[in-house]
Amino acid sequence: MQLQCPMPKLDFDIITLGHGSGGTLTSQLLDTGVFSLLQNELLNKKHDGAIFNMQGKVAMSTDSFVVSPIFFEGGNIGDLAVNGTINDIAMCGASAKYLSLGFILEEGLKMTEFWEILNTIKFACEKAGVQVVTGDTKVVERGKGDKIFINTTGIGEVHEKANIDINNIKAGDKIILSGPLARHGITIMSHRQGLEFETTISSDTRALNKIVIELLDEFGEQIHLLRDPTRGGLATVLNEITKEANLGIDISQKNIPVEEEVYGACEMLGLDPLYVANEGLFVVVADAGIADHLLLQLQEWEHGSMAAIIGEITEQHTRQVLMKSNIGGRRVLNMLAGEQLPRIC
Amino acid sequence: MKYISEFRSPEIVNTLLREIKNTVKGRWNIMEVCGGQTHSLVKNGILNMLPENIQMIHGPGCPVCVTPISLIDRAVHLAMEHNVILCSYGDMIRVPGSGMSLLEAKARGADVRILYSPLEAVKIAKENPGREVVFFAVGFETTAPANALSVIHARKENVNNYFILASHVLVPPAIEEIMNDELNRVDGFLGAGHVCAIMGIYEYYPLVEKYKVPIVITGFEPVDLLEGILMVVKQLESGEAKVENQYARIVSEEGNVKAQEMIYEVFEVTDRLWRGMEVIPMSGYKVKDSYRDFDAEKKFNIHIEEASENPECIAGDIMKGIKKPYECQHFGKKCRPVSPLGAPMVSNEGACAAYYHYSGLAEQLEV
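Chains L and C, in that order, are what the protein sequence lines are. Quick note: the first sequence uses our numbering, first residue 3, plus one each step. Quick note: the second sequence uses our numbering, first residue 20, plus one each step.
In short, the hints are calculated from the structure, not lab data. Some clues are possibly wrong.
Partial pick of chain L residues on the chain C-facing surface, computed with a CB cut under 10 angstroms [unchecked claim]:
hint	residue
1	Lys256
2	Ile329
3	Gly331
4	Arg332
5	Leu335
Calculated cross-link-like contacts (lysine-lysine; reagent style DSS-like; alpha-carbon spacing at most 27 angstroms) [what the hints assert, rightly or not]:
hint	chain 1	residue 1	chain 2	residue 2
6	C	Lys142	L	Lys149
7	L	Lys140	L	Lys48
8	L	Lys129	L	Lys163
9	L	Lys112	L	Lys129
10	C	Lys253	C	Lys231
11	C	Lys342	C	Lys44
12	C	Lys62	C	Lys40
13	C	Lys342	C	Lys253
14	C	Lys145	C	Lys317
15	C	Lys342	C	Lys353
16	C	Lys352	L	Lys245
17	C	Lys142	L	Lys112
18	L	Lys326	C	Lys343
19	C	Lys142	C	Lys305
20	L	Lys146	L	Lys163
21	C	Lys353	C	Lys62
22	L	Lys245	C	Lys353
23	L	Lys48	L	Lys112
24	L	Lys146	L	Lys112
25	L	Lys326	C	Lys40
26	L	Lys163	L	Lys99
27	L	Lys146	C	Lys125
28	C	Lys125	L	Lys149
29	C	Lys305	C	Lys318
30	C	Lys318	C	Lys125
31	C	Lys62	L	Lys326
32	C	Lys40	C	Lys231
33	C	Lys125	L	Lys256
34	C	Lys142	L	Lys146
35	C	Lys307	C	Lys318
36	C	Lys62	L	Lys256
37	C	Lys44	C	Lys343
38	L	Lys149	L	Lys48
39	L	Lys149	C	Lys145
40	C	Lys317	C	Lys142
Note that this is a predicted model, so its numbers are computed, not measured. Glycine residues also receive a C-beta, built at the ideal position from the N, C-alpha and C atoms.
Can you build the whole structure from these sequences, using the hints too?
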């Protein structure tokens, strides 16, 4: 359980339109909230933007977060927004250094909730070693938003040994999954109206930058591709890989880790864990020669005990993912048509 | 989960496959009635594990697929024009009506909500006394008890702003319709396990008698399906035609009597139009007159033109097993899950969607 800074005494207990006006209320909200919690040298300048040096190759990514509910087991929209962008940058072979943070708040949002989210953001940033260096806050009328939307953009220096490129993938490469599937999506579902089943499943939201950098330190350009299977799940990411690389993928269902409780919840909801969202998981496509070593290192990571080699790249059946089922049958895994779960991140 | 894993055991699956291969001599077309069975056959890759001379034909047991286009239009109309809170099972909201789907209606401002249980809709009605709440009550005999229960609850708790738009369909009349079609090529049936869990088995004896066709009530796991197929093949090879129950761990002779009582409290049997087929006599449920206050059809004046099906969709032939999805010229081209011409491409349980997700496999694997 993370520690939360006590909320300072404020003249207001909910967000109103005035907080987005740019006037006194805005500065009170920012000074007591955002700036005091997230302070660092660059942010403290309160300039229109942040000015800094970067070296070498740089990776940049942006993501918006509209998850509902905003609080869930294992996290909230705050750490989701921080980790989500850090992870997109990690998948480029880089460790995020700086983030921008944009809020769209709905009139009526409770200050206590906003405070908790800000604290979670602070904690997630500290844990991952990134700094929020610029930001923006807007308020929309009640009914025109849904409590809080967050956008984050991140920037980071690419690891000097990294060479992540879809064109590096070749037949025989192994596909390694860093942990068990579907925890985030099922956590969100369990909160949804009508689905309030008892569960101890929690979201897997976490930053992946440190483990990715460790793997790159060790295996460098033997790692050909990194992807995080968020919306659309594992099946979607694998399909995208086959289509972008014009190669095929063979995977084996029995090697794909799914926790028993998550599997049970998927059965009950009629969902396929292969298509359910994850927030702290990644797929590595790596040279077959180092796959076993990479797996061992991944399994030593605190969240990697269930990591597994789930399949490989093939020149057969290009642009298709084939899965051998637990009972030995084979089927094509297609892209998800439409959404399986709306607004999971 | 331990219990279920036995029904997914690769060893037992292999034993059953061997036994099927050793038993089968003729060429047989076996129809799995229920869409859940279709889905499981495809998902587990069972279709390409079976001997070549056993063809599985995918039956009409997908509630989303057989709900007529006019009913979708009525639901859309209620949501768009009458400002109701329209609650539905998730699968239904993507099915195209003649104008739009419920999903599009939602995007255009209608209050459409996806629920897993009609009792949730009653709760929504209680929480929104100023609004009218309609549950889109479709499905086979399986969903009828819960839908009936929601109405019984609403009456008991004086929730007078809750209504159901009901279009239930029944399995036995559909089997009869299939057997009566002159193009029929079904030699045996896997009966729908969950339907029989509610309704029992007794309705199937007259069918077996009349059409001399084996019916084996079957479950949904790989071992269930293969065991059901084996039982049908054994009957066919020995020239028998009887009702057997593979799914006895769930299905009893008389079914779930309490659930049946709930159904008959609220619903009565009526003629029903099936999507892609004709009106099948006595093939569905409608809300009884004694519960008319909860019947959305009676409550709201729904005046809309009766739309006809998209003539390019051959859903009727698909659902009767006369044509396979890939025999449709639009399959995978003009008709795909993201832009379906008809319902079998929409639902997870629809035969076309199941084949779409399996598409290309036969050519690629040459099994």
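Results of checking the hints against the structure:
Restraint check, Lys256/L versus chain C: the minimum CB separation of about 8 angstroms is within 10 angstroms; hint holds. At about 4 angstroms, the closest approach between the beta carbon of Ile329/L and any beta carbon in chain C falls short of 10 angstroms, and the interface hint on this residue holds. Interface restraint check: Gly331/L against chain C, minimum CB-CB distance 2 angstroms, threshold 10 angstroms, status holds. Given the 10 angstroms rule on beta carbons, the hint for Arg332/L holds: about 5 angstroms separates it from the nearest Cβ of chain C.
The restraint placing Leu335/L at the interface with chain C holds, with a minimum CB-CB distance near 8 angstroms, inside the 10 angstroms limit. With a C-alpha separation of about 23 angstroms, the suggested pair Lys142/C and Lys149/L falls inside the 27 angstroms cut-off, and the hint holds. A distance of roughly 16 angstroms separates the Cα atoms of Lys140/L and Lys48/L; the hinted pair therefore holds under the 27 angstroms criterion. A C-alpha spacing of about 24 angstroms is found between Lys129/L and Lys163/L, which places the hinted pair at or below 27 angstroms, so the restraint holds.
At roughly 26 angstroms between alpha-carbon atoms, Lys112/L and Lys129/L fall within 27 angstroms of each other, so this suggested pair holds. Straight-line distance between C-alpha atoms of Lys253/C and Lys231/C comes to about 14 angstroms, which keeps the hinted pair within the 27 angstroms bound. Proposed proximity of Lys342/C and Lys44/C is supported: the alpha carbons are some 24 angstroms apart, at most 27 angstroms. Distance check on the hinted pair: Lys62/C and Lys40/C sit about 21 angstroms apart at the alpha-carbon level, within 27 angstroms; holds.
For the hint linking Lys342/C to Lys253/C, the alpha-carbon distance of about 25 angstroms falls within 27 angstroms, and the restraint holds. In summary, the hint linking Lys145/C to Lys317/C is supported, as the alpha carbons are separated by about 21 angstroms, within the 27 angstroms threshold. With a C-alpha separation of about 17 angstroms, the suggested pair Lys342/C and Lys353/C falls inside the 27 angstroms cut-off, and the hint holds. Pair hint Lys352/C plus Lys245/L holds up; C-alpha atoms about 18 angstroms apart against a cutoff of 27 angstroms.
Between Lys142/C and Lys112/L the alpha-carbon distance is near 26 angstroms, which keeps this suggested pair within the 27 angstroms criterion. Our distance criterion of 27 angstroms between C-alpha atoms is met by Lys326/L and Lys343/C, whose separation comes to about 24 angstroms. The suggested pairing of Lys142/C with Lys305/C holds, with an alpha-carbon distance near 23 angstroms, which does not exceed 27 angstroms. Using a Cα cut-off of 27 angstroms, the hinted pair Lys146/L and Lys163/L is violated, with the two alpha carbons roughly 46 angstroms apart.
Proximity of Lys353/C to Lys62/C is assessed by CA-CA distance (about 24 angstroms); at most 27 angstroms being required, the pair is judged to hold. In summary, the hint linking Lys245/L to Lys353/C is supported, as the alpha carbons are separated by about 21 angstroms, within the 27 angstroms threshold. A distance of roughly 25 angstroms separates the Cα atoms of Lys48/L and Lys112/L; the hinted pair therefore holds under the 27 angstroms criterion. Between the alpha carbons of Lys146/L and Lys112/L the distance comes to roughly 16 angstroms, so the proposed pair stays at or under 27 angstroms and holds.
Of the pairs offered as hints, the one joining Lys326/L and Lys40/C holds, with about 21 angstroms between alpha carbons and a cut-off of 27 angstroms not exceeded. Under the criterion of a C-alpha separation no larger than 27 angstroms, the hint pairing Lys163/L with Lys99/L is consistent with the structure, at around 18 angstroms. For a cut-off of 27 angstroms, the pair hint linking Lys146/L to Lys125/C stands: about 16 angstroms separates their Cα positions. Simply put, Lys125/C and Lys149/L have alpha-carbon atoms about 20 angstroms apart, close enough for the 27 angstroms limit, and the pair holds.
Of the pairs offered as hints, the one joining Lys305/C and Lys318/C holds, with about 14 angstroms between alpha carbons and a cut-off of 27 angstroms not exceeded. A distance of roughly 22 angstroms separates the Cα atoms of Lys318/C and Lys125/C; the hinted pair therefore holds under the 27 angstroms criterion. Only pairs whose Cα atoms come within 27 angstroms are accepted, and Lys62/C paired with Lys326/L is accepted, the gap being roughly 10 angstroms. Proposed proximity of Lys40/C and Lys231/C is supported: the alpha carbons are some 24 angstroms apart, at most 27 angstroms.
Proposed proximity of Lys125/C and Lys256/L is contradicted: the alpha carbons are some 39 angstroms apart, above 27 angstroms. As the CA atoms of Lys142/C and Lys146/L are separated by approximately 25 angstroms, the hinted pair is consistent with the 27 angstroms bound. Among the hinted pairs, Lys307/C with Lys318/C is consistent with the structure: their alpha-carbon atoms are about 14 angstroms apart, no more than 27 angstroms. Straight-line distance between C-alpha atoms of Lys62/C and Lys256/L comes to about 14 angstroms, which keeps the hinted pair within the 27 angstroms bound.
Between the alpha carbons of Lys44/C and Lys343/C the distance comes to roughly 23 angstroms, so the proposed pair stays at or under 27 angstroms and holds. Under the criterion of a C-alpha separation no larger than 27 angstroms, the hint pairing Lys149/L with Lys48/L is consistent with the structure, at around 26 angstroms. Using a Cα cut-off of 27 angstroms, the hinted pair Lys149/L and Lys145/C holds, with the two alpha carbons roughly 24 angstroms apart. For the given pair, Lys317/C sits about 22 angstroms from Lys142/C by alpha-carbon distance, which is consistent with the 27 angstroms threshold.
Hint compliance for this structure: hints 20 and 33 are not met, and every other hint is.
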